[in-house]
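According to the numbering used here, the sequence shown holds residues 820 to 1202 in order.
Just so you know, these hints were derived from the structure itself, not from any lab. One or more hints might be untrue.
[As the list claims (entries may be wrong)] Here are the simulated SDA-like pairs of lysine to any residue, each with C-alpha atoms no more than 20 Å apart in a straight line:
#1 LYS894 x ILE917
#2 LYS999 x ILE917
#3 LYS916 x VAL1201
#4 LYS968 x GLY1044
#5 LYS916 x ASN883
#6 LYS1124 x ASN1148
#7 LYS1011 x TRP1025
#8 LYS1052 x ASP1062
#9 LYS894 x ARG905
[Said to hold, decoys possible] Distance windows between CB atoms, simulated:
#10 PRO885 x GLY1044: 37 to 45 Å
#11 PRO977 x ASP1049: 25 to 33 Å
#12 VAL891 x THR981: 52 to 60 Å
#13 LYS901 x ASN1067: 27 to 35 Å
#14 LYS894 x PHE1087: 36 to 44 Å
#15 ARG1045 x LYS964: 17 to 25 Å
#16 ALA914 x LEU1004: 43 to 51 Å
#17 ASN1067 x GLY998: 22 to 30 Å
#18 VAL891 x ASP1020: 45 to 53 Å
#19 GLN932 x ALA959: 38 to 46 Å
#20 GLN932 x ALA978: 47 to 55 Å
#21 ASP1196 x ALA978: 36 to 44 Å
#22 SER1072 x LYS964: 36 to 44 Å
Think of the CB as a built atom: it goes at the ideal place given N, C-alpha and C, for glycine as much as any other residue.
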Amino acid sequence: MFSPEQLTAVEGEIMGVGKILGATILTILVTGGTFTYLSHGEIGHEAAPKVRKIHKPVVKQNINAPVQPQSVLAKAIDQQVKATGRSGTLLVAKAGKIILNQGYGLANKQTNQPATTQSLYGIASLQKNLTALLVMQQVAAGKIKLTDKVSQYLPQLPAANTVTVQQLLNMTAGYNQIGKTEATLDEAGYEKYALSQLVMDQRGAWYYSAGNYVALVGILRQVTGRSYADLLKEMLKGQHHIDYTDYNDFIKSPDKTANYGADGTAYFDNPNIFNREIGTGSIEMTTGNLYKLLRDELSNKIISKLQFNAMMRLAPNETYASGMYDDGNAYRMHGIILGFDPSVKMSKDGKNMVIWLSNEDTTKVHTNVDLVNHLYDSLLTVE
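Let the sequences and hints guide you as you build the complete structure.
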């Protein structure tokens, strides 16, 4: 115990030391209690220590990196695909994690170039889903309503005052494109020609035709004053860092895949056949970039959940809307263009997904579609 005189002396010495040393806080125990002195001699609380923040470098994920099979399920899938002898690139995700991303067979049979996770494939009609997303962005901006009549934007089209934007999305408008050109035109030229070739073919019933999406491309230009190419680039590359190529860049890429018909014959390069498919099959992607696109879409990073549900509104007794088929508990996608035969199946939350991008046409025998359906089913039945 300190006597009052001793306490006063000790306090005086401490205060003096604090001033000399510039100490911020000095503490002593006195009769079982704690006194805290600030340097200016006032009693107060301890100042919080300064913590130095350590900034960890941001590691950018390579969405095109190969993923070797590690689990029993991934190894079994890998062996099944190898056994088919088909060429393409496969990405499989289970419970939100990519468990396999590998190339199979050849990207080019003439040069023996192997397919890899960097390989680019035409995504064909899967692009209709991207066009639908662009439309919904304009709906969100208040420039389009799904209940709008087509005549509000493209009055020259047949029966335009009876067709809605929603019907274009789910292909119940009845439009069909009866003619296509292989001439070399710019985007506006191809678009103008395609619109001139639309006829009313199957009004009132579901009818799969790219003509519905040709009309949507025309509406996008009307409401934005911009090209489809610019709108797509802004949404994918600008907003979401998702890469793709148009056909002019594709044919110059070292990751280009050659495309083969059902009889194994290689198609010759004709950029006009792809360039004319504005909004319906004109771009190429890797499995990794397509996966990121679909995950972002299904997790409502591109459009809101409300907008997505509106985009996917089905016509009575139908399953198709906005580039996807609704299988009840899953979405399915498929396309075909000059040997490129992409197929996708995924859970509605995007956590389970099978993407098979192929450069071999198997449409008549459904080999690629059947493969994807089988692999997707295995994701749900094998832990």
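### Message
To test your reading of the hints: which numbers does this structure violate?
### Response
Going through the list in order, the structure violates hints 2 and 7 and respects the others.
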